[in-house]
Amino acid sequence: MDLQFFDQERIVAASSTGCVTVFLHHPNNQTLSVSQQWTTAHFHTGPGSPSCSTAPCTGVVCNSPEIVTVGEDGRINLFRVDHKEAVRTIDNADSSTLHAVTFLRTPEILTVNSIGQLKIWDFRQQGNEPSQILSLTGDRVPLHCVDRHPNQQHVVATGGQDGMLSIWDVRQGTMPVSLLKAHEAEMWEVHFHPSNPDHLFTCSEDGSLWHWDASTDVPEKSSLFHQGGRNSTFLSHSISNQANVHQSLISSWLSTDPGRDRIEITSLLPNRTLSVNSLDVLGPCLVCGTDSEAIYVTRQLFS
Amino acid sequence: MEELDGEPIVTLIPGVDSKKQMCFDWGPGELLVCETSFHKKGKSETVPGCPFIYIVRKDVDVYSHILRKLFNESHGIFVGLQRIEELTGKSRKAQLVRVSKNYRSVIRACMEEMHQAAIAAKDSTSSRQFSSQVSILSAMELIWNLCEILFIEVAPAGPLLLLLLDWVRLHVCEVDSILADVLGSENPSKHESFWDSPGNTQTLTELELKWQHWHEECERHLQDGTFVSSPHLESLCKIMLGDEAALLEQKNLLSNWYHFLVTRLLYSHPTVKPIDLHFYAQSSLDLFLGAKSRPEPLDNILMAAFEFDIHQVIKECSIAFSNWWFVAHLTDLLDHCKLLQSHNLYFGSNMREFLLLEYASGLFSHHSLWQLGVDYFDYCPELGRVSLELHIERIPLSTEQKALKVLRICEQRQMTEQVRSICKILAMKAVRNNRLGSALSWSIRAKDAAFATLVSDRFLMDYCERGCFSDLDLIDNLGPAMMLSDRLTFLGKYREFHRLYGDKRFVDAASLLLSLMTSQIAPRSFWMTLLTDALPLLEQKQVIFSAEQTYELLRCLEDLTSGRPEQGEPDQQLQDDDIEATKVEMLRLSLARNLARAIIKEGSLEGS
Numbered sequence: 001m002d003l004q005f006f007d008q009e010r011i012v013a014a015s016s017t018g019c020v021t022v023f024l025h026h027p028n029n030q031t032l033s034v035s036q037q038w039t040t041a042h043f044h045t046g047p048g049s050p051s052c053s054t055a056p057c058t059g060v061v062c063n064s065p066e067i068v069t070v071g072e073d074g075r076i077n078l079f080r081v082d083h084k085e086a087v088r089t090i091d092n093a094d095s096s097t098l099h100a101v102t103f104l105r106t107p108e109i110l111t112v113n114s115i116g117q118l119k120i121w122d123f124r125q126q127g128n129e130p131s132q133i134l135s136l137t138g139d140r141v142p143l144h145c146v147d148r149h150p151n152q153q154h155v156v157a158t159g160g161q162d163g164m165l166s167i168w169d170v171r172q173g174t175m176p177v178s179l180l181k182a183h184e185a186e187m188w189e190v191h192f193h194p195s196n197p198d199h200l201f202t203c204s205e206d207g208s209l210w211h212w213d214a215s216t217d218v219p220e221k222s223s224l225f226h227q228g229g230r231n232s233t234f235l236s237h238s239i240s241n242q243a244n245v246h247q248s249l250i251s252s253w254l255s256t257d258p259g260r261d262r263i264e265i266t267s268l269l270p271n272r273t274l275s276v277n278s279l280d281v282l283g284p285c286l287v288c289g290t291d292s293e294a295i296y297v298t299r300q301l302f303s
Numbered sequence: 001m002e003e004l005d006g007e008p009i010v011t012l013i014p015g016v017d018s019k020k021q022m023c024f025d026w027g028p029g030e031l032l033v034c035e036t037s038f039h040k041k042g043k044s045e046t047v048p049g050c051p052f053i054y055i056v057r058k059d060v061d062v063y064s065h066i067l068r069k070l071f072n073e074s075h076g077i078f079v080g081l082q083r084i085e086e087l088t089g090k091s092r093k094a095q096l097v098r099v100s101k102n103y104r105s106v107i108r109a110c111m112e113e114m115h116q117a118a119i120a121a122k123d124s125t126s127s128r129q130f131s132s133q134v135s136i137l138s139a140m141e142l143i144w145n146l147c148e149i150l151f152i153e154v155a156p157a158g159p160l161l162l163l164l165l166d167w168v169r170l171h172v173c174e175v176d177s178i179l180a181d182v183l184g185s186e187n188p189s190k191h192e193s194f195w196d197s198p199g200n201t202q203t204l205t206e207l208e209l210k211w212q213h214w215h216e217e218c219e220r221h222l223q224d225g226t227f228v229s230s231p232h233l234e235s236l237c238k239i240m241l242g243d244e245a246a247l248l249e250q251k252n253l254l255s256n257w258y259h260f261l262v263t264r265l266l267y268s269h270p271t272v273k274p275i276d277l278h279f280y281a282q283s284s285l286d287l288f289l290g291a292k293s294r295p296e297p298l299d300n301i302l303m304a305a306f307e308f309d310i311h312q313v314i315k316e317c318s319i320a321f322s323n324w325w326f327v328a329h330l331t332d333l334l335d336h337c338k339l340l341q342s343h344n345l346y347f348g349s350n351m352r353e354f355l356l357l358e359y360a361s362g363l364f365s366h367h368s369l370w371q372l373g374v375d376y377f378d379y380c381p382e383l384g385r386v387s388l389e390l391h392i393e394r395i396p397l398s399t400e401q402k403a404l405k406v407l408r409i410c411e412q413r414q415m416t417e418q419v420r421s422i423c424k425i426l427a428m429k430a431v432r433n434n435r436l437g438s439a440l441s442w443s444i445r446a447k448d449a450a451f452a453t454l455v456s457d458r459f460l461m462d463y464c465e466r467g468c469f470s471d472l473d474l475i476d477n478l479g480p481a482m483m484l485s486d487r488l489t490f491l492g493k494y495r496e497f498h499r500l501y502g503d504k505r506f507v508d509a510a511s512l513l514l515s516l517m518t519s520q521i522a523p524r525s526f527w528m529t530l531l532t533d534a535l536p537l538l539e540q541k542q543v544i545f546s547a548e549q550t551y552e553l554l555r556c557l558e559d560l561t562s563g564r565p566e567q568g569e570p571d572q573q574l575q576d577d578d579i580e581a582t583k584v585e586m587l588r589l590s591l592a593r594n595l596a597r598a599i600i601k602e603g604s605l606e607g608s
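Protein sequences, first through last, are from chains H and L. Residue numbering for the first sequence follows full-length UniProt numbering, beginning at 1 and increasing consecutively. Residue numbering for the second sequence follows full-length UniProt numbering, beginning at 1 and increasing consecutively.
Derived from the structure by calculation, the hints contain no laboratory data. Heads up, the beta-carbon is just placed ideally off N, CA and C, and yes, glycines get one too. Treat the hints with care, since some could be wrong.
Claimed, not checked - Here are some chain L residues pointing at chain H (derived, C-beta under 7 Å):
1. H367
2. Q371
3. S398
4. E400
5. R432
6. N433
7. D471
As the list claims (entries may be wrong) - As a list, the in silico DMTMM-like pairs of lysine to aspartate or glutamate whose alpha-carbon atoms are at most 25 Å apart:
8. L/K402 / H/E184
9. L/K273 / L/D375
10. L/K504 / L/D448
11. L/K402 / L/E358
12. L/K447 / H/D162
13. L/K402 / H/D206
14. L/K210 / L/D224
15. L/K338 / L/D309
16. L/K402 / H/D280
17. H/K181 / L/D224
18. L/K493 / H/D139
19. L/K69 / H/D7
20. L/K424 / H/D139
21. L/K101 / H/E293
22. L/K447 / H/E184
23. L/K273 / L/E216
24. L/K447 / H/D139
25. L/K101 / L/D375
26. H/K181 / H/D198
What the hints assert, rightly or not - If the Cβ cut is set under 10 Å, some of the chain L residues that face chain H in the computed set are:
27. K69
28. D375
29. T399
30. L404
31. K405
32. A430
33. R435
34. L436
35. L440
36. L472
37. D476
38. N477
39. G479
40. R593
So that you can see chain H by itself, here it is in the shape it has in the complex (with noise of 0.2 Å):
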C-alpha cells in the first residue's frame, strides 16, 4: 500500500497483508530480490478478533537506517535494517486508523489518521502518548496523506476525504496555515517537489493530478486570480495571521499576503480517468498509477 526508496538500492514496500519488506534492486539484470521482511508488523488484537488477524500497513517512511510504518491497526513501529525485531513499537497509538507519517526532525514523525488529527510523536520519550496533537475544529475530515516540505521542517502539507488541501505550521498552535479547496474527492497523495519545494503535487479519487506552483519569482504575475496553464483554478482562504515573521525566510506556501499569495495550478492528466491513486516525483520526472492499472510517465515536467 505504500512504497519509499530507502537508499539507492533498497526499497521498503507496506502491504495490506500486514508485513513489511526490504527489497533489494539488481541493476545488471534488472530484477529485485527480497532482503528483509518483517511478517507481522500490523495485527489486530482485539477481543472478537481471529488469532493471526493481520491489519493492512497503511503507510512507511524512510530515513536511513530507520523504517518506520503505521497501520489500521493504530499502530506505529520503528524498524531498523538488519534487525530482526522492531526497535520501538507504540500499541494503540491511534484508536482509529492512521493513514500516513513523515518525519519532521529526526526523532519525531508525525501521523495523521482517519478523525482528523495530526500528532507528533517523540521517540526520545518513553511514553505512548504523542507530544502534540493538531486538528481543524468542526467536521472532522479523514486525512489520507501527509508530507513535509523539504527544507523547512515546521511546514507540513495533507490532503483528506474531501479533497481539500492543508498547510500547517507545527510550531505554530493547532490549526492550519492555509485551506484550498482542491479536489472533488478523497486526495490520496501530496508531495513536496524535493528539489523545487515551490512546487506541489496531488491525486485523488476523481482522476485527476495536479500540479500546484507557488513559486514567486515570475515579474508578470500580479493579480489574484491568474488563469495560466490548462485547466487552472484556484480559490486560497488563510485563517491565521502571522505579522512577525521574515518574508524572506517564510516559504511561499505560509504567505498570507493576498497581494503575493498566487498558486498557479496546473492538471497534468490529459483526460479523467479512474483514480489516481499515487504519484512520485523527482527532478523532471513525474511517475503517477491509477485504478486503470496504467502508470503515467512524464519526463519534462518544467518544460
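Given the structure of chain H, go ahead and fit chain L onto it with the hints provided.
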C-alpha cells in the same frame, strides 16, 4: 426452452470420487462444488471423501496480464463512446468509425504483446497458450474489421471493394507478395490509373463503364493469343479476367476462402453491391473448401456478416469466444449505429443490455477490475442500477482504502442503503478489533445513530471497568459529530465534566453534571456513577451546589432508589445491596450537609 446450440463441456473435478454425488452453489462469477457423502446408487458409505471445496471458474481471461490491458483500454473507449455528443449524418458516421478503429487498435496492441510473450516464453505449454490467444485475438480483429466495413462504415458499391481489399491485406500477409507479382506484370499502368481515382470523383456507372472497357480489352488479348508464348502470363491474364478455375489453381497462395472471395471480386465484379456480397461469399466458400472440409466457426461468423445478419453474428460470436468482451463491446457500438432492433429475449431486456450486464458481472469477480464494471452498469438503463446495488455490497473489503472507494461509488449514485450496510459491516469489524475510533468514524459516515450508541456504550463500559477513559483523543475531539446520537452526546459531555473537574472549574462542572441527569440524556444505569461523581464536589470546603441544585440531586436519588425492583437471589444480592445501601447512605448524608450549608450561605447577606 430453446434447444442447445452445442454440447455442454464436461469439467472433471480432481480428487472427487466419481461414484459420489456432488453438491454445488452459484456465486457471482463462479461455482462452488464439493463432494457429499451420498452414493450415487443410494447407499451412503463412510469412506472418507475428498475434504476440499472447489471453486470452478469459467472466465479465466480476466486473470491474464496482457488481456487485462484490453479490458482497461476498452473501458476507456466504451465510456468515451457513451459520453460523446450525438452528431448527425456524415460526421456521426465518422465518429463511430473512429471509435471502431480505436477498439481495433487496442486489440492489435494486445495481439502484438501476446505475440512477444509467446516468443519469449520459457516453456512450450505457455508458448502454445500465448500463440492460441494470439490467434483468437486475430480472429476477433478480423470479424470486427469486417463488421466495421459492412455495418458501421456502410460502404457503398465501389469503395466497398477497396475496403475489403484493405481488410484482406491486413490479415493475410502473403497478399502483398501476390499483388507485387500481379502489379509487376502487363498493364500495371492500366491497373494504377484505374484504381487511383476511387468512387469520390466518379459515379458508379462511370466506374463500371471503365472497368467493362478494360475487361473487354483483356479478353481480346487472351483470345488473340497475345500471351501464348508464356503460360505464366496467360494464366495471369485469366486471373485478371476473374476466371475462377485459374484462381483456384493458385490455391496454395490464397490462404483462405475470403481471400479467394475478394480476389475474385476484384477481377470479376469490382463494383459489387453490398447486398450481392453473400452470393459470392457462399460460392467462394463452397469452391474453396471443396467437398471434404466443413466450415469452421470463424467461417460461419464471416458468412453471417456477409449476409448482413447481425444477430446471427453476435450469437455465433457469443458461443465461439470464451468471454463476453467481444460481443458486449461490438453490440454496444452497433446499437449506437442504431442497427439493432429490439430483439425479444426471454427475460425482456434488450440484447445490448443483456451482454453488457453479463460482461460487467464477470468483471466483478476480479479483485481489481470491478471498478470497470461499475461504469458498464451505469450505462444499462433498465437493470444496471439494481445489478450494481447487488454486486457492490458483495465486494470483499480487505483494506480501508478499498472500502472508501466503494463507498464513494455508492454515495455518488445515492445508494444510501448500500452505504449504510457497508459502513455497518466495517464498524462491526472495527469494534471486534477494538478500534473504537474507526468504528465511530464509520458510523458517523453512515449517519448511523444506533451504531454510534453501541460504540458509546462500549466506551462507557470501559470507563466503568477501568475507572478511566481509553482513547481520549477521540472523545475529546468529537466535534459536531457528537449530535449523532444521544449516548454519544452524553459521552462527550461526561468527558467534558471530567475535564472541567481537572481544571478545577467546579461550579461549571457541577452544573454540567446536574444537567446531564435532568436532561435525561444519561442512561439510567449510569446515574449511580454520576451521583458518586458528585460526592467529591459535595464534600468540598466551599459550597458548590446551590440549594436548588441540591434539591434536584435529591430528587434524582429518590427516583433512582425508588425505582429499584425487588431481586431474586439472596446472597450476592445482599452483598451488592450492602454496597449500594452504603453508597446511598453516604450520598444522602452529603446531600443533606450540602443543603444545610447552601441554605445558610444563600440566606446570609452577600459580601461578607
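Cross-check of the supplied hints:
1. H367: violated (11 Å)
2. Q371: Holds, about 5 Å.
3. S398: For L/S398, the interface hint holds, since the closest Cβ of chain H sits about 6 Å away, which is under 7 Å.
4. E400: holds (6 Å)
5. R432: holds (3 Å)
6. N433: holds (4 Å)
7. D471: This interface hint holds because 4 Å falls under the 7 Å limit.
8. L/K402 / H/E184: With a Cα-Cα distance of about 18 Å, the restraint between L/K402 and H/E184 holds, given a limit of 25 Å.
9. L/K273 / L/D375: Distance ~40 Å between L/K273 and L/D375 Cα, so the pair is violated.
10. L/K504 / L/D448: violated (36 Å)
11. L/K402 / L/E358: holds (24 Å)
12. L/K447 / H/D162: holds (17 Å)
13. L/K402 / H/D206: Satisfied, since the Cα-Cα distance of roughly 15 Å is no more than 25 Å.
14. L/K210 / L/D224: holds (21 Å)
15. L/K338 / L/D309: This hinted pair holds, its Cα atoms lying about 14 Å apart.
16. L/K402 / H/D280: Cα-Cα ~21 Å, so holds.
17. H/K181 / L/D224: violated (86 Å)
18. L/K493 / H/D139: holds (18 Å)
19. L/K69 / H/D7: Distance ~32 Å between L/K69 and H/D7 Cα, so the pair is violated.
20. L/K424 / H/D139: OK: L/K424 and H/D139 at ~21 Å, within 25 Å.
21. L/K101 / H/E293: holds (22 Å)
22. L/K447 / H/E184: Cα-Cα ~21 Å, so holds.
23. L/K273 / L/E216: holds (21 Å)
24. L/K447 / H/D139: holds (13 Å)
25. L/K101 / L/D375: holds (21 Å)
26. H/K181 / H/D198: The hint holds at about 18 Å.
27. K69: holds (7 Å)
28. D375: Holds: closest Cβ of chain H sits about 9 Å from L/D375, inside 10 Å.
29. T399: Holds. Min distance 4 Å.
30. L404: Holds. Min distance 6 Å.
31. K405: Because about 7 Å separates L/K405 from the closest Cβ in chain H, which is inside the 10 Å limit, the hint holds.
32. A430: holds (8 Å)
33. R435: holds (6 Å)
34. L436: holds (5 Å)
35. L440: holds (8 Å)
36. L472: holds (9 Å)
37. D476: This hint holds: L/D476 lies near chain H, its Cβ roughly 9 Å from the closest one there, short of 10 Å.
38. N477: holds (6 Å)
39. G479: Cβ of L/G479 sits 5 Å from chain H, so the hint holds.
40. R593: At about 39 Å, which exceeds the 10 Å cut-off, the nearest Cβ of chain H leaves the hint on L/R593 violated.
Comparing the model with each earlier hint shows violations of hints 1, 9, 10, 17, 19, 40; every other hint is respected.
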